[in-house]
Structures are given as structure tokens and as C-alpha cells.
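**Student:** Take the sequences, apply the hints, and build the full model.
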Amino acid sequence: MAIATAPAPEATPPRWKPGRMLSGPMLILSGFAVLALGLAALQTGNFVAAQFSRAAWLGVTTLVVAIIGFGLVLAGIFGELRGLAALHGVDTLRRDLASDDAHRRLHAARLWLTRVEGGAALRPAVDAQNDPDAVLALLRSGLSTPLKIRADAMSRQAAYQVVAGIAATPAPSLVVLLIAWRATRLIRQIAALHGVRPGFLATLGLLRRTALSASATAMTEAAVNTAAHAVLSSPLLAHVAGDMAGGAVAARRMIVLGRAAVVACSPLSGEE
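Heads up: the sequence shown runs through residues 1 to 272, numbered per our numbering.
It should be emphasised that the hints constitute simulated quantities derived from the structure, not laboratory data. Incorrect hints may have been included.
[What the hints assert, rightly or not] Using C-beta positions, here's what the derived DEER-type ranges look like:
(1) L39 <-> P172: 39 to 47 Å
(2) P124 <-> N46: 55 to 63 Å
(3) A75 <-> G205: 29 to 37 Å
Please read all numbers here as calculations on a predicted model, not as lab measurements. For glycine and all other residues, C-beta sits at the position ideal for the given N, C-alpha and C.
**Tutor:** Next up, the structure:
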């Protein structure tokens, strides 16, 4: 399909409606956060003014401490908002790459290349294409496939660590914490691999998306079992997993989790 020379009709941007992007609980939490920060800033301002009335050096010191403290808080809030925007940008890229508009596809492809490590090397090949379908094929073969290979390697490493951790952890409660921590770290690693660097709130969104992807994505049992068998091919780990049934289950879940995270983080639709 060649790029049409006729100008594409301009799409009317949707109007933003209050509460469209934020749910009710998020609006309530945001209101409490604004009140807490605002009242804290007013109280701190009064305290700084009182310190200046006592001594100039004391007021300056208090002001510097307040600026550093609030600066760190605002930097953290900015990082969380940036992570949420990056996560929302994945949905935008996915819609644009699946669009029938050739110009939107090409623009989304170039934008994704700027966010992913190694994407700049693929930019000349993408610019040389006139067929949007060929651009998608190029993205799948030249960028998506290497990313999936690296994500699978991360998943296998996480599976190794979880099985070894289960063998060395005496308490079942610590095993649960170990698996939860390693699963969250694996999702964040795969997200960063795809150009998304999530904060705390974005990580929660990624966990929800990954859970949905794991349940909705058609993953062949043979592929997952083969990857889990490769992890347990070590005689020591096979012995450990044989003694503890949870080791094999945890290894398999890490493989499934990694593939589900790829589906959740990749803007290319139909990734499996």
C-alpha cells in the first residue's frame, strides 16, 4: 500500500472532560495531595518568616532547607507524571501504528525509534520506505524481535534467581516477598527496554496491564514449557525444583510474566 498523495482529513481532537483521564479515587487522592502540599507550603512559609524575624542567618537556613525539601518532593511528582505519560504514550503509539492513515503510521514509527535503545540505527531504513506495511514489517524484524529476545533473556535470568532464592529461603513468607519483588523488577526492566521508565504509579499500571496481557494473550504451552525446561536444565536447579514443586511453578511464571510484559509494553499490536 503506497502512501497516498492526497492530504489526509484533519481529525478533530477530542475534548477533554473532567474525570475522563482520572477515576474517582484518583481525583480524591489528588485533592488530598494538593491540600497536603498546599497547607504544608503555607505553614512552612509562616515558619520561615518567623525565623527571619529572629535572625537573618536562621531564616536563610530554614529557607534553604524548605526549598531543598519541596524541590525533592516536586521532582518525585514530576517523575511520576512523566512515567504515567510514557505509559499512556504506549497506547497512543499502538493506535497510530494500527491506524489506516499512512502518515500517522510513519510518524509513530519514527517517534518509537527515538524512545528505544538502538532505534536510531533503524531510522534511515524506515525513512527510505514508502509503504507503511513495509515499515511495520521492518519494525517487527529489526526492532521488536531483538527486544523480545532480550526480554526472554531477562525472564530466564529472573527464573534462575527465583529458583535459587527459593532454595536458599527458609520461610514461605520470604518466598512470597522474593517472587513479588523479582516479578516487579522484571516488569520494570522490560518496560525500560521498550522505552518506558515507570515510577511507582506507572509500575502499578504496568502490573495491571501485565496481568491482563497474561490472561488475554494466547501463549502456546509448548513455548513456555520449553523455556522453563531450559531454565531447569542445570542439574542443581533441577534437583532443587524436583524437591520443591514451587520452584518449577515459579520459573514458569517468570517466563509467562516476561512475555506478558512484552505484550503490555510494545506498541506493535499482535505481539505474542
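**Student:** Is the hinted range of 39 to 47 Å satisfied by the C-beta distance from L39 to P172?
**Tutor:** Hint holds: Cβ distance 44 Å, inside 39 to 47 Å.
**Student:** Evaluate the given range 55 to 63 Å for the C-beta pair formed by P124 and N46.
**Tutor:** Because 59 Å falls inside the window, the suggested range holds.
**Student:** Has the hinted range 29 to 37 Å been met by the Cβ atoms of A75 and G205?
**Tutor:** violated, 20 Å
Hint violations for this structure: number 3 only, all remaining hints satisfied.
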